[in-house]
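Chemist: Residue strings, one per chain:
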Amino acid sequence: MGLTSSLNIAVGALDADQGAISVTSNNIANVNTPGYTREIAELQEADPISYGNLVLGNGVQLGQVQSQRNSILQLRLDQESQQQSSSNAYLNAMQQVQTLFNETSGTGLQSSISAFFNSLQQLSTDPSNTALRQGVMTAAQDMTQQFNQASSNLTNIQANLNLSVSQSVNQINALTAQIAQANTEVTTAQGLGENAGTFIDQRDQLVQQLSGLTDVSEITTNDGSVTLTTSSGIPLVVENQNFQLATQTNTSTGMQDVYSQGTDITSQITGGTLGGDIAARDQAIPSVLSSLDSIAAGIENSFNSAQTAGYDLNGNPGTNFFATPSASGAGAAAGMAVALTDPSQIAASATGAVGDNGNLNNMIAIQNQTVVNGQTPMNAYSNLIFQIGNDVSNAQSENQGAQLAVQQIQNQIGSVSGVSLDEEAANLALYQRSYQAMAQVASVVNDLMLAAINLGDSSTQS
Amino acid sequence: MARVNPDITPDLLYSIELSKQNQATASEEIATGRKLNQLSDDPSAAAELVQTNAQSSENDQFIQNTDDIQSRFQVADSTLNTAVQVMNSAISLAIEGSSGTVSSANQQAIAQQVLGLQQQMLSLANTSYQGTYLFAGTDVTTQPFAQGSSGAVVYNGNNSTASAQIANGQSVNLNVPGSQLFQNGSGSVFQSLNDLYNALQSGTGVSTAATEVQQAFDQLNSQRVFYGNVLNQLQANETFLNQESVNLTQEQTNIAGADITQAATDLSQSETAEQAVTAATAQILQMPTLMSYLQP
Numbered sequence: 001m002g003l004t005s006s007l008n009i010a011v012g013a014l015d016a017d018q019g020a021i022s023v024t025s026n027n028i029a030n031v032n033t034p035g036y037t038r039e040i041a042e043l044q045e046a047d048p049i050s051y052g053n054l055v056l057g058n059g060v061q062l063g064q065v066q067s068q069r070n071s072i073l074q075l076r077l078d079q080e081s082q083q084q085s086s087s088n089a090y091l092n093a094m095q096q097v098q099t100l101f102n103e104t105s106g107t108g109l110q111s112s113i114s115a116f117f118n119s120l121q122q123l124s125t126d127p128s129n130t131a132l133r134q135g136v137m138t139a140a141q142d143m144t145q146q147f148n149q150a151s152s153n154l155t156n157i158q159a160n161l162n163l164s165v166s167q168s169v170n171q172i173n174a175l176t177a178q179i180a181q182a183n184t185e186v187t188t189a190q191g192l193g194e195n196a197g198t199f200i201d202q203r204d205q206l207v208q209q210l211s212g213l214t215d216v217s218e219i220t221t222n223d224g225s226v227t228l229t230t231s232s233g234i235p236l237v238v239e240n241q242n243f244q245l246a247t248q249t250n251t252s253t254g255m256q257d258v259y260s261q262g263t264d265i266t267s268q269i270t271g272g273t274l275g276g277d278i279a280a281r282d283q284a285i286p287s288v289l290s291s292l293d294s295i296a297a298g299i300e301n302s303f304n305s306a307q308t309a310g311y312d313l314n315g316n317p318g319t320n321f322f323a324t325p326s327a328s329g330a331g332a333a334a335g336m337a338v339a340l341t342d343p344s345q346i347a348a349s350a351t352g353a354v355g356d357n358g359n360l361n362n363m364i365a366i367q368n369q370t371v372v373n374g375q376t377p378m379n380a381y382s383n384l385i386f387q388i389g390n391d392v393s394n395a396q397s398e399n400q401g402a403q404l405a406v407q408q409i410q411n412q413i414g415s416v417s418g419v420s421l422d423e424e425a426a427n428l429a430l431y432q433r434s435y436q437a438m439a440q441v442a443s444v445v446n447d448l449m450l451a452a453i454n455l456g457d458s459s460t461q462s
Numbered sequence: 463m464a465r466v467n468p469d470i471t472p473d474l475l476y477s478i479e480l481s482k483q484n485q486a487t488a489s490e491e492i493a494t495g496r497k498l499n500q501l502s503d504d505p506s507a508a509a510e511l512v513q514t515n516a517q518s519s520e521n522d523q524f525i526q527n528t529d530d531i532q533s534r535f536q537v538a539d540s541t542l543n544t545a546v547q548v549m550n551s552a553i554s555l556a557i558e559g560s561s562g563t564v565s566s567a568n569q570q571a572i573a574q575q576v577l578g579l580q581q582q583m584l585s586l587a588n589t590s591y592q593g594t595y596l597f598a599g600t601d602v603t604t605q606p607f608a609q610g611s612s613g614a615v616v617y618n619g620n621n622s623t624a625s626a627q628i629a630n631g632q633s634v635n636l637n638v639p640g641s642q643l644f645q646n647g648s649g650s651v652f653q654s655l656n657d658l659y660n661a662l663q664s665g666t667g668v669s670t671a672a673t674e675v676q677q678a679f680d681q682l683n684s685q686r687v688f689y690g691n692v693l694n695q696l697q698a699n700e701t702f703l704n705q706e707s708v709n710l711t712q713e714q715t716n717i718a719g720a721d722i723t724q725a726a727t728d729l730s731q732s733e734t735a736e737q738a739v740t741a742a743t744a745q746i747l748q749m750p751t752l753m754s755y756l757q758p
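Read top to bottom, the protein sequences are chains X and B.
Just so you know, this note's numbering puts the end of the first sequence at 462, numbered straight through with nothing missing.
Just so you know, this note's numbering puts the end of the second sequence at 758, numbered straight through with nothing missing.
Hints are computed from structural coordinates only; laboratory data are not their basis.
Take the hints with a grain of salt, since some may be wrong.
Derived list of chain X stretches under chain B, where covered just means 3 residues or more per stretch with a C-beta under 8 Å from a C-beta of chain B [claimed, not checked]:
id: 1; stretch: 102-114
id: 2; stretch: 375-382
id: 3; stretch: 392-401
id: 4; stretch: 415-427
All C-beta atoms, glycine included, are put in the ideal place defined by N, C-alpha and C.
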């Protein structure tokens with residue numbers, strides 16, 4: 001008990017206030033830093049001092065600096081980010097696919113299929129007319145080129161997605177290595193009883209970036225490190241160790257498969273850009289390609305068999321109109337080609353007479369026959385158009401939903417962790433006033449001590 | 463009171479982006495005149511549009527077919543019209559040649575005229591249109607009628623017909639075989655002319671030959687009706703197809719066309735909304751915090 005202890009209390013309080021002002025200052029400095037979690041200086045009473053049965057307070061001390069975070073919200077943000085990035089990547093790819101089928105402006109495949117059948121209708125009015133026969137050949141070539149083009153454009157989109165898969169895997173590997181490093185920093189800091197807030201902020205940012213790339217499951221262990229696996233349980237980061245993913249060319253598809261520890265996990269990846277790219281590359285685009293192939297193969301096969309039932313302009317039996325597609329139809333659109341080399345080879349006649357168009361009428365009838373998996377060619381094509389449009393439209397809704405969810409969770413996180421300049425200003429004013437008050441106290445104690453020192457000395461006046 | 467997220471910029475920017483998107487949609491509708499610009503705008507409408515466009519394209523082809531067949535039939539019909547007139551002249555000559563007062567020399571002269579008519583008829587029966595013979599059945603590249611050394615005309619075409627579609631589920635025959643027109647069993651044009659010529663030459667059986675010519679005339683006339691009937695049918699069909707074309711265009715507009723009035727209203731509304739949200743954002747972002755009021 002005495003003036004010295006009062007002075008000590010004052011000095012301790014000045015220290016505590018300086019610490020609190022430093023926390024406020026750091027908060028304000030990071031007001032625009034992405035992923036920054038605001039910190040609060042927790043002031044607490046210093047341990048009291050007992051004098052016999054008298055217990056006196058011993059001032060204030062800065063207990064700890066606490067980051068204001070909600071790990072559940074962060075987890076939900078990561079999950080929604082996976083969803084959003086996945087649907088975003090898928091949507092991007094499928095929007096490219098949809099622009100290939102330019103049916104809304106009437107310049108897609110429909111017009112060239114129609115033009116081909118129309119050229120046959122035209123020829124049926126004058127089956128021996130060479131100019132009209134040439135018209136059929138030209139229309140057939142246009143149509144096959146359109147099929148070739150659509151197919152090769154789809155394959156190009158697929159190849160770009162394939163490239164993106166490799167890039168994503170590289171990015172994932174870089175991030176998991178950084179996260180493993182961050183784990184070490186967090187556990188070390190926490191082991192020393194320090195505030196690991198800054199390291200956790202950095203790690204949360206990395207995990208969020210990773211969530212944008214693939215599906216991630218997180219478990220935080222007792223020592224503060226985070227264990228990351230894919231949603232199907234493939235380990236990515238365990239404590240200070242990361243598990244690299246690798247890509248390997250699939251010999252049958254020519255696409256890059258994703259491997260972990262020697263196991264092909266391609267089909268298990270559902271989230272993030274990687275998940276969206278893989279879904280578009282391995283499912284959506286192959287499905288569109290296969291529908292196109294079916295239509296191409298249906299037209300080719302039915303025309304070939306119609307052709308061979310008739311006679312050409314020279315009275316010879318008809319030969320195949322188009323190249324023969326594979327039995328399964330795979331690759332039919334890419335390989336679609338007109339096999340006839342001369343307009344006279346069109347087997348318009350059913351009887352051999354040059355003015356007969358019986359077989360031509362059989363060919364025209366193909367447009368109303370169910371030659372493509374139980375559908376007419378045009379019905380099959382319009383179904384494909386519906387599917388593509390519907391797929392994009394669903395992906396759009398899903399993407400919008402995920403985007404709103406992300407935004408909402410970010411707002412919730414902000415409401416817990418975001419820096420408010422109003423709050424910081426209030427705190428700053430508060431700490432400033434208490435600092436000034438404490439400095440005042442110190443000054444008074446100083447005067448009192450001076451008075452005590454000069455006690456009995458008449459030459460001095462306090 | 464719950465703490466709110468102090469960072470409101472993402473929400474504000476999202477609102478601006480949203481109204482910009484609405485604006486872009488409305489502008490695109492006005493610029494293209496279509497409400498259906500991407501398949502995903504309305505997938506079932508896009509699928510329907512494919513079908514309607516295919517129908518419309520087919521319908522246009524039917525109009526083209528109808529026109530082409532019409533031109534061909536007009537030539538055939540007018541050829542047969544001339545053939546009927548030739549037969550008319552032959553009937554007059556037969557009556558003249560079979561009257562009791564006509565001299566043998568005159569009969570010879572008439573026979574020569576009949577020969578001329580026969581030649582004219584031969585050339586009519588061999589009429590071609592755009593490089594193919596009109597009355598050769600489906601053997602359109604072979605000249606159908608030729609005169610043998612005996613003077614009798616031989617048919618080298620076939621007895622087949624071809625048909626072409628002029629509308630959905632509707633076809634017309636493209637020809638009547640020449641044999642049916644000019645060498646019909648119930649009255650053969652060439653046979654009767656030949657018989658008339660021979661009768662006039664010999665001076666016997668002229669009235670029998672005259673009856674034969676009359677029968678051939680009747681037969682030609684009745685066969686010829688086919689062309690007239692089909693021409694009428696084609697004309698009616700063209701009217702129908704043109705109406706169908708209007709209907710299909712209307713349908714295309716209904717499926718894909720923009721409601722321009724609506725789009726213009728949407729555009730001006732979204733512009734107003736965007737101005738409002740931008741102004742509000744600017745104002746909110748400039749709002750001072752408590753920091754601004756602290757005294758140093």
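Chemist: All hints are to be evaluated individually against the structure, with a verdict given for each.
Modeler: Tested hints:
no. : hint    : verdict
1   : 102-114 : holds (count 9)
2   : 375-382 : holds (count 4)
3   : 392-401 : holds (count 3)
4   : 415-427 : holds (count 11)
The structure fails none of the hints (numbered hints given earlier).
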